[in-house]
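A.B. asks: Sequence:
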Amino acid sequence: MKKKILFFLWVIFVAILQGCSWTEHFFIINNSSNPVQLFITLAPYERGFSIFNYQDFQQYPVNKKNKLNIEKPEPIKYDTLDAYYKIKMIIPPYKAVSIGYLNNQHYEKYNQDFFNDRQFNLRHIRLIANTNTVEIPDTLFDHYFIKENGTVKYFITPR
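Counting from 1, one number per residue, gives the positions in the sequence shown under my numbering.
Please keep in mind that the hints were generated in silico from the structure rather than gathered at the bench.
Treat the hints with care, since some could be wrong.
For lysine to aspartate or glutamate, the following DMTMM-like pairs were computed, each having C-alpha atoms within a straight-line distance of at most 25 Å [to be verified]: (1) Lys-147 - Asp-82; (2) Lys-153 - Asp-56; (3) Lys-64 - Glu-148; (4) Lys-153 - Glu-24; (5) Lys-86 - Asp-56; (6) Lys-67 - Glu-148; (7) Lys-95 - Glu-46; (8) Lys-67 - Asp-113; (9) Lys-95 - Glu-71; (10) Lys-72 - Asp-138.
I would like the entire structure built from these sequences, with the hints used as guidance.
C.D. replies: See below:
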């Protein structure tokens, strides 16, 4: 009987731990009616786990209220230019691209100490829409991206 109670308590404990897991995603959201060119430069792999990895990029539809439909990821086309850490892609109109994620830790700032050997490996973002270019180095990441409802987002808005 004692073993059954201990087993039952262990199952409850494991279920509670699993319920404490979360993921914060990093999105670039194109709210305009024009496609946007996106160039991303990542730091070459050194150690640990990268927050940004082109193999994890996902694209999602966005409705008129800026809501992402994360239940319906869409195929994404990208080009790794000189190496895996230089990525080019087109963000279609009214689409969002997930460029990274952070598990079980809240994002605060680009140079925070991440646990589990996570690395903020983003070095530079360039967005080109029509004749407008936005350059976002890692040191200004927090100036451009906003944290909202468990996601970190940058909005491309129509002009």
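A.B. asks: All hints, please: hold or fail.
C.D. replies: Structure-based check of all given hints:
| no. | hint | verdict |
| --- | --- | --- |
| 1 | Lys-147 - Asp-82 | violated (31 Å) |
| 2 | Lys-153 - Asp-56 | holds (16 Å) |
| 3 | Lys-64 - Glu-148 | holds (17 Å) |
| 4 | Lys-153 - Glu-24 | holds (10 Å) |
| 5 | Lys-86 - Asp-56 | holds (14 Å) |
| 6 | Lys-67 - Glu-148 | holds (12 Å) |
| 7 | Lys-95 - Glu-46 | violated (32 Å) |
| 8 | Lys-67 - Asp-113 | violated (30 Å) |
| 9 | Lys-95 - Glu-71 | holds (14 Å) |
| 10 | Lys-72 - Asp-138 | violated (29 Å) |
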